[in-house]
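Enquirer: Each number in the working numbering corresponds to the 1-based position in the sequence shown with 3 added.
Note that these hints are calculated values from the structure, not bench results.
Mixed in with the good hints, there may be bad ones.
Straight-line alpha carbon distances no greater than 20 Å define the calculated SDA-like cross-link-like pairs of lysine to any residue that follow [to be verified]: (1) K92 <-> V51; (2) K120 <-> L71; (3) K120 <-> R174; (4) K92 <-> L71; (5) K182 <-> Y130; (6) K21 <-> A62; (7) K21 <-> D68; (8) K120 <-> V149; (9) K124 <-> G141; (10) K92 <-> K182; (11) K92 <-> R174; (12) K124 <-> P144; (13) K124 <-> V149; (14) K21 <-> I32; (15) K92 <-> K21.
What follows is a list of derived Cβ distance ranges for each label pair [what the hints assert, rightly or not]: (16) S97 <-> D69: 21 to 29 Å; (17) P144 <-> K92: 27 to 35 Å; (18) V149 <-> D118: 29 to 37 Å; (19) R193 <-> N54: 19 to 27 Å; (20) G141 <-> D115: 32 to 40 Å; (21) R156 <-> Q111: 13 to 21 Å; (22) A43 <-> A129: 31 to 39 Å; (23) A94 <-> K21: 23 to 31 Å.
From a predicted model like this one, the values you see are computed outputs, not experimental measurements.
Yeah, the Cβ is synthetic: ideal placement off N, Cα and C, and Gly gets one too.
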Amino acid sequence: MAEEPLEQVSGIITDKLKYVRWERSLRLIDRAQELLDRRAGRITPRRVPLNVAIPVFEAASLEEDDGLQDVWANLLVNAVDADSGVEIKRALVSILQDFGPMEVRLLQAIHDAPDPKVPTKGLPDAYVEPGDERVDPGLPPEPVQVGLWQLVRLGCITEAGTWDSLAGIRRVRITALGKTMVEACSATPRRIAVRQAESS
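Put together the whole structure using the sequences plus the hints.
Expert: Have a look at this one:
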């Protein structure tokens, strides 16, 4: 007798999760279509391997943050567009699954910084000039430090100066993997941007 209410609650939760996932899947498809439309039908479609396509759809359909789901939509569109110049590997999908909004913002800010050695103090909203490496540039707030350590763990950034194991991370440099992640998740990858510039 006691099991029946639990089964009912379990069924309600399962139905709710299915609905939310269906709703998020529809948003992903709509967003991907918008991104494709922006490329004005000038794409060369390519087949996306199932071991890439299925994890992308699964992860994106579970993502509740619209901004982060847009990153997944960019990845999906670049995967199906042979002209994007981006080759989507399963590893990139796996790495993006470990990203939150903070990691996305941080990696983009580090990628866009004018100097390869990026002080972390102002990230992700501001860029602090590197200055003398002997001078401590200071630390960002703790949530930013956590995001930076996550990017280090994922191999997207590396140290670029003084690290204090007790106090945290002060300067970073983007890795080749980090650059590849940014390009793969960009709404306008480099090759698309060049082509659009040439046609305008």
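Enquirer: Determine for every hint whether it applies to the structure shown.
Expert: Now the hints, each set against the structure:
With a C-alpha separation of about 10 Å, the suggested pairing of K92 with V51 holds against the 20 Å cut-off. Between the alpha carbons of K120 and L71 the distance comes to roughly 26 Å, so the proposed pair goes past 20 Å and is violated. For a cut-off of 20 Å, the pair hint linking K120 to R174 stands: about 6 Å separates their Cα positions. A C-alpha spacing of about 19 Å is found between K92 and L71, which places the hinted pair at or below 20 Å, so the restraint holds.
A hinted pair counts as satisfied when its Cα atoms are at most 20 Å apart, and K182 with Y130 qualifies at roughly 18 Å. Of the pairs offered as hints, the one joining K21 and A62 holds, with about 14 Å between alpha carbons and a cut-off of 20 Å not exceeded. Pair hint K21 plus D68 holds up; C-alpha atoms about 17 Å apart against a cutoff of 20 Å. A threshold of 20 Å between alpha carbons decides the hint, and for K120 with V149 the separation of about 19 Å falls inside it, so the pair holds.
Distance restraint check for K124 and G141: the Cα-Cα separation of roughly 6 Å lies within the 20 Å cut-off, and the hinted pair is therefore satisfied. Distance restraint check for K92 and K182: the Cα-Cα separation of roughly 14 Å lies within the 20 Å cut-off, and the hinted pair is therefore satisfied. With a CA separation close to 29 Å, the supplied pair K92 and R174 exceeds the 20 Å bound. Among the hinted pairs, K124 with P144 is consistent with the structure: their alpha-carbon atoms are about 8 Å apart, no more than 20 Å.
Pair hint K124 plus V149 holds up; C-alpha atoms about 13 Å apart against a cutoff of 20 Å. Between K21 and I32, the direct Cα distance comes to roughly 16 Å. Compliance with the 20 Å bound is thereby established for this hinted pair. A distance of roughly 28 Å separates the Cα atoms of K92 and K21; the hinted pair therefore is violated under the 20 Å criterion. Separation of S97 from D69 is about 22 Å and conforms to the stated range, judged on CB atoms against 21 to 29 Å.
Range check, P144 to K92: Cβ separation about 33 Å, and the 27 to 35 Å hint holds. A beta carbon spacing of about 23 Å between V149 and D118 contradicts the range 29 to 37 Å that was offered as a hint. R193 and N54 have their C-beta atoms about 26 Å apart, which keeps the hinted 19 to 27 Å range intact. Separation of G141 from D115 is about 21 Å and departs from the stated range, judged on CB atoms against 32 to 40 Å.
At about 18 Å, the beta-carbon gap between R156 and Q111 stays in the expected band of 13 to 21 Å. Hint check: A43 to A129, Cβ distance near 35 Å, so the stated range 31 to 39 Å holds. Hint check: A94 to K21, Cβ distance near 29 Å, so the stated range 23 to 31 Å holds.
When held up to the earlier numbered hints, the structure conflicts with 2, 11, 15, 18 and 20 and fits the remainder.
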